[in-house]
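Which chain is which? The protein sequence lines are A and B, in order.
Going left to right, the first sequence walks through residues 1 to 313 as my numbering numbers them.
Going left to right, the second sequence walks through residues 1 to 272 as my numbering numbers them.
Heads up, a few of these hints could be off.
To be verified - With a cut-off of at most 30 Å between alpha-carbon atoms, the simulated DSBU-like pairs for lysine-lysine come out as follows: (1) B:Lys199 x A:Lys24; (2) A:Lys24 x B:Lys56; (3) A:Lys86 x B:Lys199; (4) A:Lys134 x B:Lys56; (5) A:Lys134 x B:Lys199; (6) B:Lys139 x A:Lys151; (7) B:Lys56 x A:Lys151; (8) B:Lys166 x A:Lys45; (9) B:Lys166 x A:Lys24; (10) A:Lys213 x A:Lys151; (11) B:Lys135 x A:Lys24; (12) A:Lys151 x B:Lys135; (13) A:Lys86 x B:Lys56; (14) B:Lys97 x A:Lys24; (15) A:Lys86 x B:Lys166; (16) A:Lys45 x B:Lys139; (17) A:Lys134 x B:Lys59.
Bear in mind the hints are in silico, worked out from the structure with no lab data behind them.
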Amino acid sequence: MSSKQAAMRDAYGEALLELGATNKDVVVVGADTTGSLKSGVFASKYPERFFNVGIAEQNLVSIAAGLALAGKIAYAGTYAIFVPGKSVDQIRNNIAYPNLNVKIVCSHGGISVGPDGASHQQVEDIAIMRAIPKMKVIVPADAPSTKGAVKAIATIPGPFYVRLTRPSTPIIYESGFEYKFGEANVLRDGSDVALFACGIMVPEALKAADSLKAKGVSAAVIDLHTIKPIDSDTVTKFAQKCGRVVTTEEHNVMGGMGSAVAEVLGERCPTLMKRVGVMDTFGESGDAGELLKKYGLTSADIEQAALGLSKVR
Amino acid sequence: METAQEVVRLKEIARNTRKLILESLAEAGSGHPGGSLSAVELLVTLFFHVMHYEPKDPKWPDRDRFFLSKGHAAPLLYSILAQAGYFPVEELMTLRKTGSRLQGHPSMGIPGIEAPAGSEGIGLSLAVGTSLAAKLDGKPYRTYVLMGDGEQQEGQVWEAAMAASKFRLDNLTAIIDRNGIQQDGLTEQIMPLEPLAAKWRAFNWNVIEVDGYDFNQIMDGFDLAASTRNRPTVIIAHTVKGKGISFMEWSPHYHGTAPSKEKLSDVLSELK
Numbered sequence: 001m002s003s004k005q006a007a008m009r010d011a012y013g014e015a016l017l018e019l020g021a022t023n024k025d026v027v028v029v030g031a032d033t034t035g036s037l038k039s040g041v042f043a044s045k046y047p048e049r050f051f052n053v054g055i056a057e058q059n060l061v062s063i064a065a066g067l068a069l070a071g072k073i074a075y076a077g078t079y080a081i082f083v084p085g086k087s088v089d090q091i092r093n094n095i096a097y098p099n100l101n102v103k104i105v106c107s108h109g110g111i112s113v114g115p116d117g118a119s120h121q122q123v124e125d126i127a128i129m130r131a132i133p134k135m136k137v138i139v140p141a142d143a144p145s146t147k148g149a150v151k152a153i154a155t156i157p158g159p160f161y162v163r164l165t166r167p168s169t170p171i172i173y174e175s176g177f178e179y180k181f182g183e184a185n186v187l188r189d190g191s192d193v194a195l196f197a198c199g200i201m202v203p204e205a206l207k208a209a210d211s212l213k214a215k216g217v218s219a220a221v222i223d224l225h226t227i228k229p230i231d232s233d234t235v236t237k238f239a240q241k242c243g244r245v246v247t248t249e250e251h252n253v254m255g256g257m258g259s260a261v262a263e264v265l266g267e268r269c270p271t272l273m274k275r276v277g278v279m280d281t282f283g284e285s286g287d288a289g290e291l292l293k294k295y296g297l298t299s300a301d302i303e304q305a306a307l308g309l310s311k312v313r
Numbered sequence: 001m002e003t004a005q006e007v008v009r010l011k012e013i014a015r016n017t018r019k020l021i022l023e024s025l026a027e028a029g030s031g032h033p034g035g036s037l038s039a040v041e042l043l044v045t046l047f048f049h050v051m052h053y054e055p056k057d058p059k060w061p062d063r064d065r066f067f068l069s070k071g072h073a074a075p076l077l078y079s080i081l082a083q084a085g086y087f088p089v090e091e092l093m094t095l096r097k098t099g100s101r102l103q104g105h106p107s108m109g110i111p112g113i114e115a116p117a118g119s120e121g122i123g124l125s126l127a128v129g130t131s132l133a134a135k136l137d138g139k140p141y142r143t144y145v146l147m148g149d150g151e152q153q154e155g156q157v158w159e160a161a162m163a164a165s166k167f168r169l170d171n172l173t174a175i176i177d178r179n180g181i182q183q184d185g186l187t188e189q190i191m192p193l194e195p196l197a198a199k200w201r202a203f204n205w206n207v208i209e210v211d212g213y214d215f216n217q218i219m220d221g222f223d224l225a226a227s228t229r230n231r232p233t234v235i236i237a238h239t240v241k242g243k244g245i246s247f248m249e250w251s252p253h254y255h256g257t258a259p260s261k262e263k264l265s266d267v268l269s270e271l272k
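For reference, chain A alone in the conformation it holds in the complex (with noise of 0.2 Å):
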């Protein structure tokens, strides 16, 4: 993990730009937050490929999905409190049902929004979307992977959420690895217990890993970005390989990817496990950082909970 920072929305801007050089089929809809998700750098340099829908997030999803209905590949986003927020019916009738090549790509997942407070702190999301049938879900752990992940999916036909956070976050991956959608990234092996995470709790089970190193503890790290359709054999294989199972979304503890690796282990290989998240409640205003560490989001509550876990025998 390098020292340095980065933004997975100037990542999402790149990426979109990149795109538009390759791509001439790629349009993006955006719903008066261009700005803050950095996808009007696409508007700056192709804005006949451009659309600014104002503030209609139910309009946003069903242009877009009209957009893709004639051709185009549809990146579609705002703040991931508003979609899919405000317009599940859309993304399930418009978009999931007929299989429409429209990507959207939502900032402000979490709690880490901060200041804005629980209404904009969104932590249903990903439980939302996954159980939208043909819907397929990532959350990127730092700006490099975003970029990939932006990239990556305009060549995979449907369509996915990509949920993206506010605050820059510590970069996991070298420029030049090549993001590979569906496959769990195995960030570091170990033997006592794996630690599952996705977005900006990679970072966070890194820290662990090595403070559970110093505790004789071996931990596996494993950056789950891809949600649906999960790495079932990349998790069933650490929970067998461990014996214990931790994970880690900054997201509702029901519905999240905690509760897709549940699903998995349940059925293929019933592990111990403890998901750490946000234990069904709603965030509040604060420091991004303060509200991460009181809704028991840090390296420490992930370590917490392995060593809880390596107690029950």
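Since the structure of chain A is already known, use the hints to place chain B on it.
For chain B alone, kept in the frame of chain A given last:
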């Protein structure tokens, strides 16, 4: 073709369309006759006089697009598509049955269907999307969307209305089946829409009002829409829910109640 002859031709297709709607609904045992029968002449004019399409090549890139936003009128659209040659007329009798392509509301996988429908208020946004794409690609095709009047109560309709005028989508024509009745009763009692034309004018649309059963007015309306530049057109068609069958006309009950198989021959005898 002479206009008078053309009207005779369209009338005959309309009569047959009503027959197919009622037969397929009676066979299905459920579905929505009222809002299917009200808009027959509108879709007959569109599909058999106005639009360019190729049933043997349903995805022909330059085809005109049609979206049924009031998805419950699926029996109407299916009857039209079958007569146009997209699939066999006999297939209409599989409507709503397990394993049939003809889902209760339109879905992908039926030749001629552009998009799923059934959730009200979203078709106009899809139409904005294809209209934007046509402009971007420099394509000549036009997009048509049929909305219900009850559907005008959905907020997304007005989001799309704003967007269509912002983007000056003169290649987009919306049609409103203004039959005045929704599931729970009269639109003007459930949630009043009037003054409906003034609302659309206020959103910078070209507004045309027609008698939904006067083929000359309907044809003129589509001509005017096609020749209007720099803004979208909405055709508000004044119609009658359940049109053509005496006991279904003006009846909220027949919004969503199919005719029985036993009564079918009586019902069909009403068709002129």
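For each hint, the structure was consulted:
1. B:Lys199 x A:Lys24: violated (37 Å)
2. A:Lys24 x B:Lys56: holds (29 Å)
3. A:Lys86 x B:Lys199: Holds, at about 25 Å.
4. A:Lys134 x B:Lys56: Holds, because 29 Å separates the two Cα atoms, which is no more than 30 Å.
5. A:Lys134 x B:Lys199: Violated - the C-alpha atoms of lysine 199 (chain B) and lysine 134 (chain A) are around 38 Å apart, more than 30 Å.
6. B:Lys139 x A:Lys151: holds (28 Å)
7. B:Lys56 x A:Lys151: violated (36 Å)
8. B:Lys166 x A:Lys45: Since the Cα atoms of lysine 166 (chain B) and lysine 45 (chain A) sit roughly 21 Å apart, the hinted pair holds (cutoff 30 Å).
9. B:Lys166 x A:Lys24: Holds, because 23 Å separates the two Cα atoms, which is no more than 30 Å.
10. A:Lys213 x A:Lys151: Not satisfied, since the Cα-Cα distance of roughly 36 Å exceeds 30 Å.
11. B:Lys135 x A:Lys24: With Cα atoms ~14 Å apart, lysine 135 (chain B) and lysine 24 (chain A) stay inside 30 Å; holds.
12. A:Lys151 x B:Lys135: holds (26 Å)
13. A:Lys86 x B:Lys56: Violated: lysine 86 (chain A) and lysine 56 (chain B) sit about 39 Å apart, past 30 Å.
14. B:Lys97 x A:Lys24: violated (42 Å)
15. A:Lys86 x B:Lys166: Between lysine 86 (chain A) and lysine 166 (chain B) the Cα gap is close to 22 Å, so the pair holds against 30 Å.
16. A:Lys45 x B:Lys139: Distance ~23 Å between lysine 45 (chain A) and lysine 139 (chain B) Cα, so the pair holds.
17. A:Lys134 x B:Lys59: holds (22 Å)
Hints 1, 5, 7, 10, 13, 14 from the list above are not met by this structure, while the remaining hints are.
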